[in-house]
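Q: Chains A and B are the protein sequences, given in the same order. Note that my numbering gives residue 175 to position 175 of the first sequence, counting from 1, and the numbers run on in steps of one. Note that my numbering gives residue 193 to position 193 of the second sequence, counting from 1, and the numbers run on in steps of one.
FYI, nobody ran anything at the bench for these hints, they're computed from the structure. The model shown is predicted, which means the values in this text are computed figures rather than measured ones. Be aware that a few hints might be false.
One copy or two, it doesn't matter: identical chains are merged, so the pair holds either way.
[What the hints assert, rightly or not] Pairs of lysine-lysine, DSS-like flavour, derived with a Cα cap of 30 Å:
1. K310 to K228
2. K232 to K3
3. K268 to K112
4. K215 to K128
5. K97 to K215
6. K298 to K328
7. K87 to K267
8. K87 to K215
9. K307 to K39
Protein chains: 2
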Amino acid sequence: MRKNYLLTPGPTPLPPQVCESMSRPIIHHRTPQFQAVLKEVAEGLKYIFQTAGDVYILTSSGTGAMEAAVINLLSPADTALCVQGGKFGERWAEICKAYGINAEIIDVEWGKAVSPQEIEKRLKANPKIKAVFTTLCETSTGVASDIEKIGSVVKNSDAVLVVDAISGLGAIDLKTDAWNVDICVSGSQKGLMLPPGLSFISVSLKAWEKINASKSPRYYFDLRAAKKAWDKTDTPFTPAITLVIALAEALKIMRQDGLENIFSRHKKMADATRAAMQALGLELFAPTAASDVVTAVKVPVGIDGEKLVKTMRDTYGVTIAGGQAELKGKVFRFAHMGFIEEFDIIAGISCLEKVLNQMKYKFDLGAGVKAAQEVFNG
Amino acid sequence: MRKNYLLTPGPTPLPPQVCESMSRPIIHHRTPQFQAVLKEVAEGLKYIFQTAGDVYILTSSGTGAMEAAVINLLSPADTALCVQGGKFGERWAEICKAYGINAEIIDVEWGKAVSPQEIEKRLKANPKIKAVFTTLCETSTGVASDIEKIGSVVKNSDAVLVVDAISGLGAIDLKTDAWNVDICVSGSQKGLMLPPGLSFISVSLKAWEKINASKSPRYYFDLRAAKKAWDKTDTPFTPAITLVIALAEALKIMRQDGLENIFSRHKKMADATRAAMQALGLELFAPTAASDVVTAVKVPVGIDGEKLVKTMRDTYGVTIAGGQAELKGKVFRFAHMGFIEEFDIIAGISCLEKVLNQMKYKFDLGAGVKAAQEVFNG
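All chains, full assembly: derive it from the sequences and hints.
A: Following this line, the structure appears as structure tokens:
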């Protein structure tokens with residue numbers, strides 16, 4: 001017997017209603033039955049994105065929606081400003097480069113958040129910048145950006161603001177319309193409590209102007225085709241039907257909980273996790289701009305970080321994430337996002353303590369769990 | 001109470017093992033558990049594709065894999081030969097056009113199959129053609145192409161042969177290696193008995209040469225990235241985990257049945273369906289090149305084709321497909337592909353008879369079912 005606990009920043013655990021919905025006999029996508037589902041999720045996505053505009057569904061990983069944002073907005077030789085302070089921020093510039101778009105980079109130290117003033121400065125210095133690409137929560141470092149302030153800066157320029165909210169949407173606040181986010185992209189396997197396979201993209205009027213003018217080649221990810229189909233409650237290509245039906249179930253749960261409750265649950269879990277790490281004498285990787293989505297923790301001196309994650313997972317069934325790219329072996333990442341709550345966090349911390357103890361790290365057994373309990377019961 | 005029967009050319013019904021597998025708690029994709037699944041499906045896909053080479057998995061509709069084939073093989077201003085004799089054949093030229101690739105068209109009359117000699121003639125007339133894009137089974141008309149003969153023609157040229165086998169793979173024979181198919185693309189929701197959301201693409205050595213030379217922009221669908229990850233039993237982006245796990249279940253069933261048995265089951269169902277239609281006095285849309293995947297039938301004079309399909313579906317729960325594009329209202333399409341067998345066909349024909357009878361079409365009630373039974377029991 002081995003029970004599995006998932007505390008990773010995507011995929012996140014699935015609610016039982018979501019699991020059940022995917023085991024139903026499949027229905028055809030061009031039927032009144034499926035159109036009713038599409039109508040329901042269209043409304044639910046607007047609620048989650050906090051937008052009055054449409055949110056299109058793509059059948060792809062989150063990266064597909066990122067590519068859709070880049071190629072629909074910009075033409076070859078256009079200039080974009082890309083904020084990078086982690087593995088996922090770097091992806092924006094990689095996509096731009098693949099399509100011959102000039103990527104001006106703001107290189108943020110990993111573990112720090114970008115300064116909205118820096119974005120303002122860059123926009124003023126180079127009026128040719130047509131789009132600013134940012135990340136809501138940089139999953140590789142656990143850092144959250146101040147999208148509200150960035151939005152207030154970008155809205156005064158001709159550039160559009162694009163936010164990769166793959167990690168974070170539906171877990172921490174992002175007011176697409178009120179914060180002047182022109183394109184918000186997200187994925188299914190994070191705050192939305194679904195398996196991976198769907199991505200989502202909202203588009204403002206300011207963004208549509210650029211989309212209609214873009215000369216970049218596109219077909220599968222052409223947002224003009226997505227809009228044309230969506231206006232008739234349809235998709236241009238066969239959608240991932242079971243995942244869309246599961247999305248309807250997840251959105252039902254989220255609407256019942258309400259965004260405010262969801263955000264405060266995530267904040268509580270993040271506070272508890274951070275308190276636990278500090279009580280264990282561990283150092284947070286991003287103490288000044290920590291997101292409520294995932295907490296990156298420095299691996300203490302003398303401990304093999306990759307072995308820690310591997311032992312928790314392969315011996316005890318508790319999956320957290322290790323470090324990526326330049327942080328490999330240097331941090332571990334403890335996610336508190338999606339269908340996770342208080343007692344999952346306690347379980348995860350208790351497993352972390354068990355393995356740290358076995359690895360001869362010095363700390364008071366139980367101190368992490370107790371610190372988390374104090375937050376949850378405070 | 002209303003029971004649903006699915007006789008559409010994608011999605012096709014799901015085996016209970018496939019349904020069940022998608023309701024399991026999700027696992028993380030960068031774990032030994034998931035790598036074991038990837039290894040298993042890598043072998044299973046080679047068996048289904050009848051290739052010794054790797055078959056990559058993309059998280060997208062089948063169209064995504066078609067786009068991957070075009071942009072990975074060809075650079076802007078290159079020339080391709082596109083066979084079009086239906087809605088899906090037209091997609092090849094549309095994708096080429098979107099990426100600035102010259103598409104030379106072979107316009108085949110809808111309902112007829114392309115002549116391999118015509119392809120040979122075109123290749124000889126224009127040595128600049130770098131790729132030939134074809135369709136195994138044109139779902140909109142029910143026509144199957146003679147890929148074996150086409151392959152024997154294309155192999156003598158510098159061009160690569162690309163086959164859209166989205167509809168048909170795992171239902172009718174396609175020997176990727178033996179028939180000299182350089183790129184074979186398929187989707188999950190047809191012969192493979194899965195929900196939509198995954199696509200598959202096999203690549204020959206001849207194709208890899210062109211892929212490494214292509215200058216078309218690409219990121220999400222870059223096959224070089226897919227290969228690099230696949231060589232380490234991984235995917236470049238988060239895959240649709242539940243669908244990959246479901247794929248393992250479907251491939252297990254298919255390997256147990258064996259390709260020969262699967263193909264003969266499909267042939268029997270197609271023969272029975274065609275016999276039933278003729279016994280009802282209905283005319284086949286593609287009598288000379290009918291596939292064993294889906295049968296397109298002309299709507300008889302005086303009958304409203306759209307109403308026929310709608311009544312079968314909305315009143316009786318039996319979903320068949322109507323005509324697409326220029327065939328809207330003029331044909332209906334009765335699929336016999338995937339997790340469908342003898343008694344599903346009988347059920348579907350009996351519903352067709354019920355509605356035709358209600359619509360005052362003149363025929364002997366029971367004649368269609370009986371003709372199908374005779375084939376199944378012959």
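Q: Confirm or reject each hint.
A: Cross-check of the supplied hints:
1. For the identical chains of this complex, K310 and K228 are inter-copy neighbours only, at 24 Å across copies versus 47 Å inside a copy, given an alpha-carbon limit of 30 Å.
2. For a Cα distance limit of 30 Å, the shortest separation of K232 from K3 across copies, 27 Å, qualifies, whereas the shortest one inside one copy, 45 Å, does not.
3. Taking CA atoms no more than 30 Å apart as the test, K268 paired with K112 passes inside one copy only; the shortest distance there is 22 Å, against 65 Å between copies.
4. For the homomeric pair K215 and K128, the shortest alpha-carbon distances inside one copy (16 Å) and between copies (26 Å) are both at most 30 Å.
5. For a Cα distance limit of 30 Å, the shortest separation of K97 from K215 qualifies both inside one copy, at 15 Å, and across copies, at 13 Å.
6. In this homomeric assembly, K298 and K328 come within 30 Å of each other (Cα to Cα) only inside a single copy, at 11 Å, whereas the closest approach across copies is 62 Å.
7. Within a single copy, K87 and K267 get their C-alpha atoms as close as 24 Å, which meets the 30 Å cut-off; across copies the closest is 50 Å, which misses it.
8. In the homo-oligomer, the alpha carbons of K87 and K215 lie at most 30 Å apart both inside one protomer (28 Å) and across protomers (26 Å), since each shortest distance falls under that limit.
9. Only between protomers do K307 and K39 lie at most 30 Å apart by alpha-carbon distance; the minimum there is 24 Å, versus 47 Å within a single protomer.
Comparing the model with each earlier hint shows no violations; every hint is respected.
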